Amino acid sequence: MDQYVVRAVQGDEWEKVKELRIAALRDPAAPVAFLETLAQAESRPDEFWQDRAQGASHGRHARQFVAEAPDGQWVGSVTVLVEEGGTSDFFERAVERTQGHVVGVFVRAEHRGTGVTDALFTAALDWAWSLEGPALERVRLFVHEDNPRAGAFYRRFGFRASGQAVPVPVAVPVAGDAGAKEFEYVISRP
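Sequential numbering of the sequence shown, starting at 1, is according to my numbering.
No wet-lab data here; the hints were simulated from the structure.
A quick note: this is a predicted structure, and the numbers were derived from the prediction, not measured.
Do not take every clue at face value.
[Stated by the list, open to error] Pairwise CB distance ranges, derived in the manner of DEER restraints:
(1) 114 with 86: 18 to 28 Å
(2) 28 with 165: 29 to 39 Å
(3) 39 with 135: 35 to 45 Å
(4) 93 with 12: 28 to 38 Å
(5) 132 with 109: 35 to 45 Å
(6) 97 with 145: 18 to 28 Å
(7) 69 with 165: 32 to 42 Å
Backbone N, C-alpha and C fix where the C-beta goes; we use that ideal spot for every residue, glycine too.
All chains, full assembly: derive it from the sequences and hints.
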């Protein structure tokens, strides 16, 4: 892991943000890992990616972390979104408390098992716990029922199943299963 640098994205790195997301959506696990298809991502204009990189590079609302190899290639990423209590989430459910929401977890296949995912999650949670005014009470994420590998990693890292499940939104074609569910995992503030 020592050869990688884990850091927040910069606002002008939208082309790398786009390239890594497209790579993630080409991964065989993508249908059960992301609520977006390759076709959707590839059809987005450059302005979308510019806004995404800018929005995840600074401020309180979102932060994207990347693992960068010595040659400059981005080999993995994780994003934390801040959900404010009293708002609604992606699944149109009420957000009861101010919390982080981890999304977009991806590490290129050839870099899995090297500690990159642990380092990305450490950076993401360190950032989440550093926020004040108000502080985040917990961080959550959702895991597709057909993605046991991801669930195992999240549990090993300290996340626990909350017992909450939500149906995958109908607008998201996931692995051809209209009845698919996503399970919520949470980790409380230390």
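The hints, checked one at a time:
{"no.": "1", "hint": "114 with 86: 18 to 28 Å", "in the structure": "violated, 40 Å"}
{"no.": "2", "hint": "28 with 165: 29 to 39 Å", "in the structure": "violated, 24 Å"}
{"no.": "3", "hint": "39 with 135: 35 to 45 Å", "in the structure": "holds, 39 Å"}
{"no.": "4", "hint": "93 with 12: 28 to 38 Å", "in the structure": "holds, 34 Å"}
{"no.": "5", "hint": "132 with 109: 35 to 45 Å", "in the structure": "holds, 38 Å"}
{"no.": "6", "hint": "97 with 145: 18 to 28 Å", "in the structure": "holds, 25 Å"}
{"no.": "7", "hint": "69 with 165: 32 to 42 Å", "in the structure": "holds, 36 Å"}
Going through the hint list in order, the structure does not satisfy hints 1 and 2.
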